[in-house]
Structure formats: structure tokens, C-alpha cells
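Protein sequences, first through last, are from chains A and B. One gets the numbering used here by counting positions in the first sequence from 1 and adding 2 to each. One gets the numbering used here by counting positions in the second sequence from 1 and adding 486 to each.
Derived by calculation from the structure, the hints in this document are not laboratory data. Since we're looking at a predicted model, the values are computed, not measured. Backbone N, C-alpha and C define an ideal beta-carbon position, used for all residues, glycine too. Check the hints yourself; a few may be wrong.
Unchecked claim - Okay, the calculated beta carbon distance ranges per label pair:
| # | chain 1 | residue 1 | chain 2 | residue 2 | range |
| --- | --- | --- | --- | --- | --- |
| 1 | B | Asp688 | A | Asp102 | 36 to 44 Å |
| 2 | A | Gly180 | B | Phe508 | 28 to 36 Å |
| 3 | A | Leu103 | B | His627 | 28 to 36 Å |
| 4 | B | Thr619 | A | Ile10 | 51 to 59 Å |
| 5 | A | Gly100 | B | His627 | 35 to 43 Å |
| 6 | B | His627 | A | Asn106 | 29 to 37 Å |
| 7 | A | Trp96 | B | Asp561 | 32 to 40 Å |
| 8 | B | His627 | A | Leu67 | 53 to 61 Å |
| 9 | B | Tyr678 | A | Gly100 | 46 to 54 Å |
Stated by the list, open to error - Chain B is nowhere near these chain A residues, computed Cβ spacing over 10 Å in every case:
| # | residue |
| --- | --- |
| 10 | Ala27 |
| 11 | Val28 |
| 12 | Phe33 |
| 13 | Thr46 |
| 14 | Arg173 |
| 15 | Asn178 |
| 16 | Gln181 |
To be verified - Over the 10 Å line for every Cβ pair with chain B, so calculated as not near, a few chain A residues:
| # | residue |
| --- | --- |
| 17 | Val71 |
| 18 | Ser159 |
| 19 | Arg185 |
One letter stands for each residue in the lines below.
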Amino acid sequence: MSRLPRWIGWASWLGVVILYIPLLAVAILSFNSTRYGQQWGGFTLDWYAKMAANEAILSAAWNSLLLGVASTLIATVAGTLLAIGLHRTPWPRWFQRGSDLAINLPVVTPDIILAIALVGAFAVLREWSAVFKPGLVTLIIAHATFQISFVALVVGSRLATIGRDQVEAARDLYANTGQIWLRVLLPQLMPGIIAGALLAFTISLDDFVVSFFVSGPDSTTLPLLIYASVRRGVTPEIHALSTVIVAGTMLAIILTAWLQTRRDATPKD
Amino acid sequence: MTHPPADGRPLDLAIRAIDKAFGSVQVLRGLSLDIPDGQFVTLLGPSGCGKTTLLRIIAGFEAPDRGTVTLGAVDLLALPAHKRPVNTVFQSYALFPHLRCEDNVAFGLRSRRIPEAELRPRVREAMETMRITEFARRYPHELSGGQRQRVALARALVNEPEVLLLDEPMSALDAKLRHEVQGELKRIQRKYQITFILVTHDQDEAIAVSDRILIMQDGGIAQDGTPEQVYERPVSRFVAEFMGSANLLPARCAGTPVAVCGFGELHLPAPATWSEGHLAIRPEDIEVRQAQPAVNGVAGRISERLFRGDHWELLVTLGDSSTLRITTEPDQHHSEGEAVWLELPPDDLLVLRD
Numbered sequence: 003m004s005r006l007p008r009w010i011g012w013a014s015w016l017g018v019v020i021l022y023i024p025l026l027a028v029a030i031l032s033f034n035s036t037r038y039g040q041q042w043g044g045f046t047l048d049w050y051a052k053m054a055a056n057e058a059i060l061s062a063a064w065n066s067l068l069l070g071v072a073s074t075l076i077a078t079v080a081g082t083l084l085a086i087g088l089h090r091t092p093w094p095r096w097f098q099r100g101s102d103l104a105i106n107l108p109v110v111t112p113d114i115i116l117a118i119a120l121v122g123a124f125a126v127l128r129e130w131s132a133v134f135k136p137g138l139v140t141l142i143i144a145h146a147t148f149q150i151s152f153v154a155l156v157v158g159s160r161l162a163t164i165g166r167d168q169v170e171a172a173r174d175l176y177a178n179t180g181q182i183w184l185r186v187l188l189p190q191l192m193p194g195i196i197a198g199a200l201l202a203f204t205i206s207l208d209d210f211v212v213s214f215f216v217s218g219p220d221s222t223t224l225p226l227l228i229y230a231s232v233r234r235g236v237t238p239e240i241h242a243l244s245t246v247i248v249a250g251t252m253l254a255i256i257l258t259a260w261l262q263t264r265r266d267a268t269p270k271d
Numbered sequence: 487m488t489h490p491p492a493d494g495r496p497l498d499l500a501i502r503a504i505d506k507a508f509g510s511v512q513v514l515r516g517l518s519l520d521i522p523d524g525q526f527v528t529l530l531g532p533s534g535c536g537k538t539t540l541l542r543i544i545a546g547f548e549a550p551d552r553g554t555v556t557l558g559a560v561d562l563l564a565l566p567a568h569k570r571p572v573n574t575v576f577q578s579y580a581l582f583p584h585l586r587c588e589d590n591v592a593f594g595l596r597s598r599r600i601p602e603a604e605l606r607p608r609v610r611e612a613m614e615t616m617r618i619t620e621f622a623r624r625y626p627h628e629l630s631g632g633q634r635q636r637v638a639l640a641r642a643l644v645n646e647p648e649v650l651l652l653d654e655p656m657s658a659l660d661a662k663l664r665h666e667v668q669g670e671l672k673r674i675q676r677k678y679q680i681t682f683i684l685v686t687h688d689q690d691e692a693i694a695v696s697d698r699i700l701i702m703q704d705g706g707i708a709q710d711g712t713p714e715q716v717y718e719r720p721v722s723r724f725v726a727e728f729m730g731s732a733n734l735l736p737a738r739c740a741g742t743p744v745a746v747c748g749f750g751e752l753h754l755p756a757p758a759t760w761s762e763g764h765l766a767i768r769p770e771d772i773e774v775r776q777a778q779p780a781v782n783g784v785a786g787r788i789s790e791r792l793f794r795g796d797h798w799e800l801l802v803t804l805g806d807s808s809t810l811r812i813t814t815e816p817d818q819h820h821s822e823g824e825a826v827w828l829e830l831p832p833d834d835l836l837v838l839r840d
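Let the hints inform the model, and build the full structure from the sequences given.
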């Protein structure tokens with residue numbers, strides 16, 4: 003096989019650098035003691051301290067966390083059941099294809115379309131119950147709506163790697179249906195379920211568009227707070243907050259990738 | 487687990503008139519079969535002959551369209567797979583990747599909620615029998631193919647099934663290991679004294695391990711016999727070709743004990759029932775002569791000569807340019823191109839069914 007010219011390698015690294023320069027710039031500014039302008043005024047952690055003392059930021063962080071955990075729990079359970087139902091039931095082929103498409107569609111639907119659809123749906127539901135007034139509940143439902151697809155895709159791809167012979171072997175070894183799930187399928191699915199949940203959590207944490215449309219006055223999330231603050235001018239506090247969010251997201255993504263690539267939990271003896 | 491009462495042979499497997507189709511493909515056609523308790527039976531046949539389907543019906547992974555399967559007095563078809571006293575060694579082994587070897591072996595006993603105190607010594611014994619004790623704490627992906635296969639066998643045998651089903655268990659092993667495992671299987675079957683049903687498409691493997699071979703063809707049984715019978719006396723052209731052990735001679739016969747082949751006439755031990763069919767003769771039953779023999783002499787020329795270590799293999803081209811395969815003693819020397827007389831003794835000529 004002929005090797006590619008060296009410049010292609012350098013070009014791809016350049017791509018990675020371009021990708022990360024903005025994030026790096028924000029991270030550097032968050033440690034810069036100069037409040038305005040881009041001059042380097044010395045290293046400081048003041049902005050992180052101020053951020054940690056800011057009531058609005060803490061409240062938004064709490065909202066984001068609550069929203070992320072609640073919607074991820076709902077989406078993980080629902081998405082896992084969806085993947086299992088689709089892959090382990092002898093549906094007709096056309097139904098299988100159709101439902102695969104139905105799961106993939108929300109992943110590629112523009113957020114703004116989903117957001118507007120949700121606003122409409124909640125407006126109708128509000129006719130019956132005040133629970134659907136803009137706030138944490140609508141946020142949780144909205145986030146779970148788009149998270150389910152991601153969980154179902156990740157869990158489904160893991161499920162596809164577990165062969166029919168595993169189920170037959172378990173049945174051959176006297177396991178009933180409940181035992182097959184608890185002792186054979188779920189333990190092998192667990193890395194996929196956790197990876198799906200982490201992915202879903204990340205997406206919830208970063209979501210702006212959908213949250214912007216369905217949140218209420220008391221349910222400001224971190225991305226919404228950043229947006230509101232930026233309109234008054236970007237402060238180093240925001241840089242610090244952004245850096246923390248990016249770091250948290252990256253951590254979750256690295257964890258997700260690690261869970262998906264690792265086949266078995268144990269090292270060799 | 488059901489234990490045999492003192493009288494009779496209550497654990498004989500009886501398979502009656504099984505039909506099975508997948509869509510428009512008829513896989514088994516009215517297949518009936520009796521397997522006495524403790525026999526080592528091999529279902530041998532090319533792919534698509536229905537052997538694996540029959541195994542899966544016995545295991546409970548497929549339901550037949552018609553027919554019955556009984557083990558002693560028990561109607562197996564009335565039981566779901568997880569309640570049959572039957573265990574399977576899968577072609578892929580199907581070990582549980584998330585469980586250590588010992589937990590794989592213990593899986594069946596845990597399903598039946600056998601107390602740990604009783605379970606542990608049984609698991610240990612099964613692992614000792616299969617010589618895998620040292621791998622107890624390892625995961626399947628840390629084992630070689632041969633080791634995995636032993637775990638799969640231990641995982642099935644620890645349950646003390648009445649019937650052990652083996653679905654091409656050696657197809658993933660290399661030739662040397664396969665030989666070892668064949669010996670091992672035989673040893674284990676004698677130790678446990680249970681019925682083994684092995685599915686394979688490998689004639690040598692079937693001959694090496696079985697008490698009895700069933701050659702399957704198109705969803706039915708083409709021949710049922712001991713390895714010697716099936717190897718030495720194939721009843722049909724299909725069996726003779728599949729076992730690959732005999733020369734096939736197309737012939738015509740007009741009700742007399744004389745058959746007309748392309749290269750000449752042959753005297754038979756008895757008249758054939760067909761007017762047009764096949765004879766078979768094994769390579770070692772054909773004699774090479776310098777002069778024309780009194781009966782069933784055929785002239786030919788040696789076209790190829792191969793040394794096989796313990797014998798010579800000769801390919802002799804006859805007058806009608808058909809070829810016979812012959813084996814001779816290593817001290818018998820012939821050269822390529824040599825003209826020879828062959829003797830096909832009438833008593834060694836097999837008159838096939840078709």
C-alpha cells in the first residue's frame with residue numbers, strides 16, 4: 003500500500019487545531035486577570051471564585067443538573083426499552099425498517115423545528131393541566147424527547163452484537179425469560195446503556211435551542227444564562243463557566259467512548 | 487432431573503415422523519429414528535440435509551410441523567427448551583462473555599436454583615473432568631479455541647443431561663486439536679454413559695467417535711449403521727460418494743448376475759434389482775495382476791501413482807477412459823504408464839440401491 007503524502011497528515015492535525023482554538027482561547031481568557039480586552043494581565047483564579055459565588059450561576063447550574071439527571075433517567079429507561087422492543091421482537095421487515103428510520107429522524111431533525119413542535123404540543127396540553135406551563139417539567143419532557151433516540155441507537159447497536167446463540171444457550175441451560183434478561187442480556191448491555199445515558203446527559207447539558215423555547219422564568223439553565231449574560235457583554239466569569247461546562251462535557255464523552263470500546267470489564271489475570 | 491426406574495430402557499429417544507419446513511423449503515421429511523440410551527450417534531451429511539434442524543428440534547429451539555419426540559415416557563415437544571433434560575454444545579460455543587469460566591459452567595445449576603453448597607463440588611468436578619480447573623477465574627476471551635470448547639462441554643455436562651447434543655463442536659478447531667478432542671469426547675461419553683448426538687459434515691470425525699452413524703440426505707436418512715458398515719458397505723450412490731471411500735461404477739444389468747460397465751462385463755454375487763444403476767468397490771479390494779485373472783479382469787494403464795506413507799495410491803485409466811482408485815501395499819512397485827490387469831473380486835463388488 004502506498005503511503006499518503008506527509009502534508010495530508012499535517013493538514014488533518016491543522017483541522018484538529020482549528021477545532022480546538024476557540025475552546026482554548028476561552029479557557030486561557032478564563033485565567034486572565036485583565037477584565038476587558040485581550041491583553042494578558044497575569045494568571046488568576048478569581049473568575050472561578052466569583053463564578054462559584056454568583057447566585058444566578060449556581061441556580062442555573064442546579065437547574066441544568068436537575069434537568070440533565072431527570073431527563074436522562076427517563077430517556078435511558080424509555081430508550082433501552084425501545085431498543086429491546088425493536089430488536090428482540092419478530093416484527094415484519096417493513097415495520098423494522100420504518101421504526102429504525104423513526105428513531106434516526108429525531109437525531110437529524112433541526113433543534114429549532116423540534117423546539118417549535120414542542121411549544122405547540124405544550125400549548126395544547128396546557129389546556130388540560132397547569133403542569134405543562136413553561137418550567138422544569140416541560141424542560142424535562144422536551145429533553146427526554148430528543149434524548150430517547152440517542153439512547154435507543156447506542157443500546158440498539160450494542161444489542162445487535164449479542165448473538166441469538168447467547169439466548170439459546172441460556173435457554174438450553176434452564177434459564178427462563180426473566181433469567182435470560184437479568185443474567186445474560188442486561189449485564190452485556192450495561193456498557194451500552196451507561197454510554198447512552200452519558201451521551202444523553204451531555205446533550206441535555208449543552209442544549210440551548212430547545213431549552214430557550216420551553217423554559218420558564220424560574221428554570222434558567224446554564225446555556226440560557228450564558229446567552230442572557232453575553233448580551234450584556236462577555237465577562238471572564240462567563241469564560242470560566244464555559245470552560246467548566248466544556249471540561250465536564252469532554253469528561254462525559256471520553257467516558258462514553260471508553261465504555262463503548264471496552265469489550266469486557268476485566269484485565270487479564 | 488428425571489431418574490430412570492429400574493425396569494426397561496426408559497431413556498431411549500424416539501423420534502417419529504418429523505416434518506419441518508422453513509417457508510417453502512422442506513427440511514425434514516417424515517423422519518423417524520430410535521436412539522437407545524447411552525449411544526453415541528452421529529448425524530452426518532452435507533449442509534442443508536436437515537441434520538442441524540433435527541438437533542434444534544430435539545433441543546427445543548425449533549418446533550416440528552408434524553411428528554413426535556419422546557424420551558422414555560416424556561413427551562419432549564410438550565416441554566419448552568429450558569425444561570428439557572437435554573443440553574447443547576453450540577458450534578460457536580456461545581459462552582457468556584461477561585462470566586468467568588466457573589460461572590459459565592455453573593450457569594445451568596444456578597438457573598435451577600441448586601444451592602451453592604451442592605453446586606460448587608459439581609462445578610469443580612466437571613472442570614476437572616474437562617481439565618479446565620486452571621482457567622476457572624478467566625473470562626472466555628482469555629482462552630484459546632480448544633479451551634473454550636472444553637468450557638462449553640463442561641457447562642453442558644455439569645447438568646447431567648439425559649442427552650447431550652453437539653452441533654459441529656469441532657469445526658472451529660485445527661486438525662491436530664480436533665484429533666485430541668475426538669478422543670476426549672469418546673472418553674467423556676464412556677464416563678458419563680449418556681446419549682450423545684453429534685452433528686457433523688466430517689466423515690473422518692464421525693467414523694472416529696461414533697457407535698452409530700446416520701447419513702442424512704434431503705431431510706431423510708440415507709443409511710443407518712455402524713461406522714464400519716457405512717464406510718465399507720454404502721447402500722446408495724449418495725452414501726458412497728459422500729463417504730468418498732469407494733469407486734463408483736455406472737452399470738447396466740438385465741436380471742442376471744452379470745453387469746455391463748463401460749470397460750467390460752463384471753460378475754456380481756447376485757443380480758441387481760435395477761436395469762441401470764451403480765456398483766461400488768473399495769480401493770483396497772481391487773487387486774493388481776500381471777496376467778489376466780480368471781474372473782472380472784479389467785485391463786488398464788497406471789496414469790498416476792502417489793505414495794501415501796503406509797500405502798500406494800494408484801489411479802488406473804480403463805478402456806472407456808474411466809478411472810479407478812486403487813491402494814496397494816508399500817512394497818508393491820509399479821510405475822506410471824505401466825499396463826496392468828485389475829481383478830475386481832465379485833464378493834467385493836457392492837450392488838448399490840441406485
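Here is what the structure says about each hint:
1. Aspartate 688 of chain B and aspartate 102 of chain A have their C-beta atoms about 40 Å apart, which keeps the hinted 36 to 44 Å range intact.
2. Between glycine 180 of chain A and phenylalanine 508 of chain B the beta carbon distance is about 29 Å. The supplied range of 28 to 36 Å therefore holds.
3. Distance hint check for leucine 103 of chain A and histidine 627 of chain B: the Cβ-Cβ separation is about 35 Å, which falls inside the suggested range of 28 to 36 Å.
4. A hinted range of 51 to 59 Å for the beta carbons of threonine 619 of chain B and isoleucine 10 of chain A is consistent with their spacing of about 54 Å.
5. A beta carbon spacing of about 36 Å between glycine 100 of chain A and histidine 627 of chain B agrees with the range 35 to 43 Å that was offered as a hint.
6. Taken as a hint, the range 29 to 37 Å holds for the pair histidine 627 of chain B and asparagine 106 of chain A, whose Cβ atoms sit roughly 31 Å apart.
7. Take tryptophan 96 of chain A and aspartate 561 of chain B: their Cβ atoms lie about 38 Å apart, and the range 32 to 40 Å holds.
8. Separation of histidine 627 of chain B from leucine 67 of chain A is about 38 Å and departs from the stated range, judged on CB atoms against 53 to 61 Å.
9. A hinted range of 46 to 54 Å for the beta carbons of tyrosine 678 of chain B and glycine 100 of chain A is consistent with their spacing of about 50 Å.
10. The non-interface label for alanine 27 of chain A is consistent with chain B: the shortest C-beta to C-beta separation is roughly 44 Å, beyond 10 Å.
11. With 10 Å as the threshold on Cβ separation, the claim that valine 28 of chain A sits away from chain B holds: the shortest Cβ distance comes to roughly 42 Å.
12. Chain B leaves phenylalanine 33 of chain A outside its interface by the beta-carbon criterion, the shortest separation being 44 Å against a cut-off of 10 Å.
13. Against chain B, the non-interface label of threonine 46 of chain A holds: every CB pair exceeds 10 Å, the least being about 49 Å.
14. At the 10 Å boundary, the C-beta of arginine 173 of chain A falls inside the reach of chain B, the nearest C-beta of that chain being 5 Å off.
15. The claim that asparagine 178 of chain A lies off the interface is violated: its Cβ sits roughly 6 Å from the closest Cβ of chain B, which falls inside the 10 Å cut-off.
16. With 10 Å as the threshold on Cβ separation, the claim that glutamine 181 of chain A sits away from chain B is violated: the shortest Cβ distance comes to roughly 6 Å.
17. Against chain B, the non-interface label of valine 71 of chain A holds: every CB pair exceeds 10 Å, the least being about 27 Å.
18. Annotated as non-interface, serine 159 of chain A keeps its C-beta farther than 10 Å from every C-beta of chain B; the closest such distance is 16 Å.
19. Against the 10 Å criterion, arginine 185 of chain A falls within the reach of chain B, whose nearest CB is about 7 Å from its own CB.
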